[in-house]
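Take a look at the letters that make up each chain.
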Amino acid sequence: MDLLEYQGKQLFRKHGVPVPEGRPAATVSEVVEAADDLGYPVVIKAQVQIGGRGKAGGIKLANDRLEAQEHADAILRMDIRGFTVHEVYVERASEIDEEYYAAIVFDRSAKQPMAMLSRMGGIEVEEVAERDPEAMRMLHVDPLIGFQDFHGRRLAFESGIAPDTIRPVGAMLGRLYDVFVREDATLVEVNPLLVTKSREVLALDAKVTVDGNALFRHPDVAELRDVSAEDPQERMAKERGLTYVKLDGNVGILGNGAGLVMSTLDVVAQAGGKPANFLDAGGGSKADAISSAVEVILSDDKVTAVLFNIFGGITRCDEVARGLIEAFAQIRPEVPFVVRLDGTNDKAGRALLAEADLPNVHTEATMLGAAEKVVALAG
Amino acid sequence: MAILVDSDTRLCVAGITGREGTFHTLRNRDYGTNVVGGVTPGKGGQDIEGLPVFDTFHAAVEETGANTAMIFVPPRFAADSILEAADAGIGLVIAITEGIPAHDELRVYNHLRRGSARLIGPNCPGILSPGKANVGIIPAQFFKEGNVGLVSRSGTLTYQIGNELAQGGFGNSTIVGIGGDPVPGSSFVDILELFEADPQTELIVMCGEIGGSAEEEAADYIADHVSKPVLAYIAGFTAPPGKTMGHAGAIVSGAKGTAQAKAEALEAKGVRAGRNPTQVAELAAEVLVGASSPDS
Numbered sequence: 001m002d003l004l005e006y007q008g009k010q011l012f013r014k015h016g017v018p019v020p021e022g023r024p025a026a027t028v029s030e031v032v033e034a035a036d037d038l039g040y041p042v043v044i045k046a047q048v049q050i051g052g053r054g055k056a057g058g059i060k061l062a063n064d065r066l067e068a069q070e071h072a073d074a075i076l077r078m079d080i081r082g083f084t085v086h087e088v089y090v091e092r093a094s095e096i097d098e099e100y101y102a103a104i105v106f107d108r109s110a111k112q113p114m115a116m117l118s119r120m121g122g123i124e125v126e127e128v129a130e131r132d133p134e135a136m137r138m139l140h141v142d143p144l145i146g147f148q149d150f151h152g153r154r155l156a157f158e159s160g161i162a163p164d165t166i167r168p169v170g171a172m173l174g175r176l177y178d179v180f181v182r183e184d185a186t187l188v189e190v191n192p193l194l195v196t197k198s199r200e201v202l203a204l205d206a207k208v209t210v211d212g213n214a215l216f217r218h219p220d221v222a223e224l225r226d227v228s229a230e231d232p233q234e235r236m237a238k239e240r241g242l243t244y245v246k247l248d249g250n251v252g253i254l255g256n257g258a259g260l261v262m263s264t265l266d267v268v269a270q271a272g273g274k275p276a277n278f279l280d281a282g283g284g285s286k287a288d289a290i291s292s293a294v295e296v297i298l299s300d301d302k303v304t305a306v307l308f309n310i311f312g313g314i315t316r317c318d319e320v321a322r323g324l325i326e327a328f329a330q331i332r333p334e335v336p337f338v339v340r341l342d343g344t345n346d347k348a349g350r351a352l353l354a355e356a357d358l359p360n361v362h363t364e365a366t367m368l369g370a371a372e373k374v375v376a377l378a379g
Numbered sequence: 001m002a003i004l005v006d007s008d009t010r011l012c013v014a015g016i017t018g019r020e021g022t023f024h025t026l027r028n029r030d031y032g033t034n035v036v037g038g039v040t041p042g043k044g045g046q047d048i049e050g051l052p053v054f055d056t057f058h059a060a061v062e063e064t065g066a067n068t069a070m071i072f073v074p075p076r077f078a079a080d081s082i083l084e085a086a087d088a089g090i091g092l093v094i095a096i097t098e099g100i101p102a103h104d105e106l107r108v109y110n111h112l113r114r115g116s117a118r119l120i121g122p123n124c125p126g127i128l129s130p131g132k133a134n135v136g137i138i139p140a141q142f143f144k145e146g147n148v149g150l151v152s153r154s155g156t157l158t159y160q161i162g163n164e165l166a167q168g169g170f171g172n173s174t175i176v177g178i179g180g181d182p183v184p185g186s187s188f189v190d191i192l193e194l195f196e197a198d199p200q201t202e203l204i205v206m207c208g209e210i211g212g213s214a215e216e217e218a219a220d221y222i223a224d225h226v227s228k229p230v231l232a233y234i235a236g237f238t239a240p241p242g243k244t245m246g247h248a249g250a251i252v253s254g255a256k257g258t259a260q261a262k263a264e265a266l267e268a269k270g271v272r273a274g275r276n277p278t279q280v281a282e283l284a285a286e287v288l289v290g291a292s293s294p295d296s
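These protein sequence lines map, in sequence, to chains A and B. Numbering-wise, the first sequence is residues 1 to 379 according to our numbering. Numbering-wise, the second sequence is residues 1 to 296 according to our numbering.
Okay, chain B solo, but in the shape it has when bound:
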């Protein structure tokens, strides 16, 4: 099992002909992801190292049976590209692009939630199911297959925590980057629901940060709907109010959205929160060694 991406994934990449798009598409293919093609308007008929390029998502879906899209186009074109992929019938859209206008994200979110397509991101590193498929920019070499589901608003912080888990001998079912923007297509709650239902996942680690209230909402959801153990880490205890800390969504507004409040909300619902990445890995070891032995 694993969630969202696996050996059934048939990936089509918007922006495949761009420098970054080409680089990461080929990296994903090298990992073993079934990449079936890409979309760049006006470049239909070309190919990138054997991968066919189409003018539209509709043509790509018709020709290749693509069921997953990765969005790698510049911010001003990204909302359009996400909507096109969904309109063409693709069920899972993973948007890597950073810097999409907030109002574009608002329209996309409100439109997609009325249909059947799921959006991950934008401004995210993608999804990796170790041993099965990698869609995005997550460096797969640090992760191996295992039973920890990891969901995070931050890319490098995910690598940091994942690596500490790996050093402890633990692996991951799936790593999901939900992104650092104010209107993520999928929230912690959406991903927690999937991990809860995934037989491979035995422990869930969620990695949040300042801004918004997604962590508080996750805390309520966990209390009512998640039976598996959940650990948390929140970044940004020292962030001053009113300053955007790198991610567009990482901002403490007045007294709202602080790391302290988020950690407390989670702890109040019985979710243990580490105060730094190392502590989270230690807590994970504590939980997992009781349940099943690490394999190294």
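Next comes chain A alone, as it looks inside the complex:
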């Protein structure tokens, strides 16, 4: 789960990472009130879970109340690459002297956290890597020992940052590591890490991704989930306990098991079709879960045909067939279905479907055959 900047900064404050003073606001009058309190100049920053806010006009400096009003009015409700701005963060403006980059990332390959520091900040990390790969210093941290002072010192000295910032930047890295571990984050990124004219070291931005599997340990963070930013189908699926990812095609997909569903998307694409979604109905799917999943798939009105690809292990094909029959009784889909049932109780499942004689439901024996059929029917 990606946090908004101001939510990340709340976690930063909690763990002693220095950040500029600021507060979130959802209306123009809230922005003005916050700005008056903080004192001008302030920066008004769109809160969206996507990069490139600045370039899109989502970050503006306001020198007085009138400008604060103007910018708030322009930024609130603005669309940034498909994300509507519902909130802004009003922050006391900082006088920028230098910009660095710092991050703690989850290195899957080494299976250890990795701390990163660069004296080049305020630009995309990829750009740094291109311009000067040596500028990015990286260090793995043994998770059983944790971040030590020497880690911070070593990164700070090796990165070539200004000598007077070595101590505070090293300390900030340690605090960022605390956020990473104690908040169960999989990414903590500060870009830019700011050195002000008065040589103060501050986290000017905060990008924090927390592990959804660990939210039971963090009820405060779990509450931050921004339901309004989610796709309506994805929200509906989540409420029903289904694993669903919306895609932009027209072939609705249901399968059991993440790997098999991914593979199903691939064979549909290979057959010339465009998948509308990823939906894993899970192991041991019962009839009601199947009919509930059909509703989610069909709530996307771009869907012109649906493919069921089931390999029954724990899942029983007769249960899937019953679920489909139930779904047809309740919602009478208007689009064709192609159903491939294989594995546990597959014959019973196919027999049930044949007996029910559902309108516009085609059964196929193989995964590839089913993919070709559904692509032909989807048009």
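By construction, these hints were calculated from the structure, which means they are not laboratory data. The reader is advised that the hints may include incorrect statements.
[Stated by the list, open to error] With a straight-line cut-off of 20 Å between C-alpha atoms, the simulated DMTMM-like cross-links for lysine to aspartate or glutamate are:
no. : chain 1 : residue 1 : chain 2 : residue 2
1   : B       : K269      : B       : D224
2   : A       : K111      : B       : D220
3   : B       : K256      : A       : E130
Small disclaimer: the values here were computed from a predicted structure and weren't measured.
Since the structure of chain A is already known, use the hints to place chain B on it.
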């Protein structure tokens, strides 16, 4: 032969008294796996259809000589349970549980690799050595004994490919589900090493998916250390970046971890990669018919 689980396996199940734990433990026993008991704190002294329940792994090991653990407890207790099994001296821990926090997995991984216990999973379907032992939730009825070693990040996809192989008349030495999480206890490389050393295994099929770099690392390892033929399948060519595709570890981050890059890395090292499960089964038939005839 076969790898990891066989007739020497003495299995103890954490979470044996839970609904799923009981169901799959008994299924494993029915298959012929030597299940010696289970662990549920506070329920020591009870039994599940004749299988003794212990309060701790230490007591279970002392009483039964268990050498393999299967973890079936809910995610928030799973890391603790894995560490307990290892601490009690169990050499092979197979974790089925899905949804364990990534930082828990990180601590467990870094601790275990300093000792002697091997972890398979979490978030995996387990291990099946057809005709010998089944530990986990793999539906054994689709597989028979043979010479293909199968290692996979996905459960149902393994069944799909295994079934296509079986229809072609081929069987498996061992099927290992390494799981779909970001920090698996064992990687493709760990399992490839075991298959390479296993006399029963003549062909290795590895089934990967988007996210991370385990497949790329496997490609390098195969080039340097594996003499047996290896085939691969990668799922997720159509997965958009930044979206978790069901498995916690299945995510393309920026331009990293794509199926295309993985397939290319493997092919660059001479590993043939099928573009769908059927193609992999066809490639397997091609390799095996040259080496030894299928038995049907």
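Outcome of the hint check:
Note on K269 (chain B) and D224 (chain B): the hinted pairing holds, with a Cα-Cα distance of about 9 Å set against a maximum of 20 Å. A hinted pair counts as satisfied when its Cα atoms are at most 20 Å apart, and K111 (chain A) with D220 (chain B) qualifies at roughly 18 Å. Using a Cα cut-off of 20 Å, the hinted pair K256 (chain B) and E130 (chain A) holds, with the two alpha carbons roughly 16 Å apart.
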